[in-house]
Structure formats: structure tokens, C-alpha cells
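Engineer: Sequence:
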Amino acid sequence: MDVKIGSSTVLTSEDEISLVNYIEYMAQRGFPLSVSQVIGFARCIAKEHPGARVFNEPGATEKWWRGFKKRQPEISLRRPDPLDRGRAAMGNVETMRDYFKLLKS
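In the UniProt record's numbering, the protein residues as written are 1 to 105.
I should point out that these hints are in silico values taken from the structure, not numbers from a laboratory. Treat the hints with care, since some could be wrong.
Okay, derived cross-link-like pairs now, DSSO-like style, lysine-lysine, Cα gap no bigger than 27 Å in a straight line [unchecked claim]:
no. : residue 1 : residue 2
1   : Lys-69    : Lys-47
2   : Lys-47    : Lys-70
3   : Lys-63    : Lys-47
Using C-beta positions, here's what the derived DEER-type ranges look like [unchecked claim]:
no. : residue 1 : residue 2 : range
4   : Lys-70    : Lys-47    : 19 to 29 Å
5   : Val-93    : Ser-13    : 30 to 40 Å
6   : Phe-100   : Gly-40    : 35 to 45 Å
7   : Phe-100   : Lys-63    : 44 to 54 Å
8   : Arg-71    : Gln-37    : 15 to 25 Å
9   : Met-96    : Glu-62    : 33 to 43 Å
10  : Gly-67    : Arg-97    : 23 to 33 Å
11  : Asp-98    : Pro-73    : 40 to 50 Å
12  : Glu-48    : Glu-74    : 39 to 49 Å
13  : Phe-100   : Glu-62    : 45 to 55 Å
We put the beta carbon where it would ideally sit given N, CA and C, even for glycine.
Could you build all of it, start to finish, from the sequences and the hints given here?
Structural biologist: Structure representation (C-alpha cells):
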């Protein structure tokens with residue numbers, strides 16, 4: 001029997017998976033989210049469910065973050081590589097267009 005001890009989580013498992021997917025999506029594009037950004041998104045998601053258990057007044061906290069990381073072990077916090085953002089910026093259509101214009105001239 002799979003029974004969890006303790007209070008229920010504020011976000012549903014589907015909401016947490018969606019949040020994980022968004023965190024991974026942003027990181028893959030060179031824009032990893034900070035803990036405070038993830039907490040902010042969690043607050044917004046929780047507000048979308050009327051009648052559901054919500055965060056206290058200050059919202060999601062560091063304690064929530066630690067629990068979230070335990071429930072979602074694929075999430076890790078790392079300093080972004082400065083090169084990643086540069087590469088992401090170079091993937092911009094306008095930047096690429098300008099680059100090829102320079103090559104032609």
C-alpha cells in the first residue's frame with residue numbers, strides 16, 4: 001500500500017510535473033530559473049485552483065522548495081554557464097539574419 005505520511009502537497013502531482021517540465025524547458029534554452037522564480041510560479045499555479053489547499057500568506061517557502069526537490073529528484077539547482085545564454089541569444093532569428101547579411105557583404 002502506497003500511503004504518504006504528512007499533510008498533502010499544495011500543488012497536485014500534475015501541477016508539479018508541469019512545473020518540472022517548464023523548469024527543464026527554460027534550462028534547455030539557456031534560461032535556468034532561480035529558486036525564487038520557481039517559488040513564484042508555484043504560488044501562481046496554486047492560486048488557479050479555487051477551493052484547493054493554498055500556501056500561507058507569504059506563499060511557497062524554502063521549506064516547500066526542499067519538499068518539491070525531494071518529490072522531483074530530477075530538479076537540481078546549478079549556476080548557469082554564461083556561455084549557455086550567449087548561445088541562446090545567438091539562436092535568435094534576427095541575430096542570425098544580421099550575421100548572414102554581414103557574411104554577404
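Engineer: Would you mind marking each hint as holding or not holding in the structure?
Structural biologist: These are the hints, each one checked on the structure:
Restraint check for Lys-69 and Lys-47: satisfied, since their Cα atoms lie roughly 21 Å apart, inside the 27 Å limit. A hinted pair counts as satisfied when its Cα atoms are at most 27 Å apart, and Lys-47 with Lys-70 qualifies at roughly 23 Å. Taking the CA atoms of Lys-63 and Lys-47, the gap is near 19 Å; set against the 27 Å cutoff, the hint holds. In this structure the hint that Lys-70 and Lys-47 lie 19 to 29 Å apart at CB holds, the actual value being about 23 Å.
With their beta carbons about 37 Å apart, Val-93 and Ser-13 fall inside the hinted range of 30 to 40 Å. The hint said 35 to 45 Å for the Cβ distance between Phe-100 and Gly-40, and at roughly 38 Å that hint holds. Remark: the range hint 44 to 54 Å for Phe-100 to Lys-63 is upheld by a beta-carbon distance near 51 Å. The hinted range of 15 to 25 Å is satisfied by Arg-71 and Gln-37, whose Cβ atoms lie roughly 18 Å apart.
A C-beta distance of roughly 40 Å is found between Met-96 and Glu-62, which places it inside the suggested range of 33 to 43 Å. Range check, Gly-67 to Arg-97: Cβ separation about 46 Å, and the 23 to 33 Å hint is violated. Taking 40 to 50 Å as the suggested C-beta distance range, the pair Asp-98 and Pro-73 conforms, at roughly 42 Å. Separation of Glu-48 from Glu-74 is about 23 Å and departs from the stated range, judged on CB atoms against 39 to 49 Å.
Checking the proposed 45 to 55 Å range against Phe-100 and Glu-62 shows it holds: the Cβ atoms sit about 47 Å from each other.
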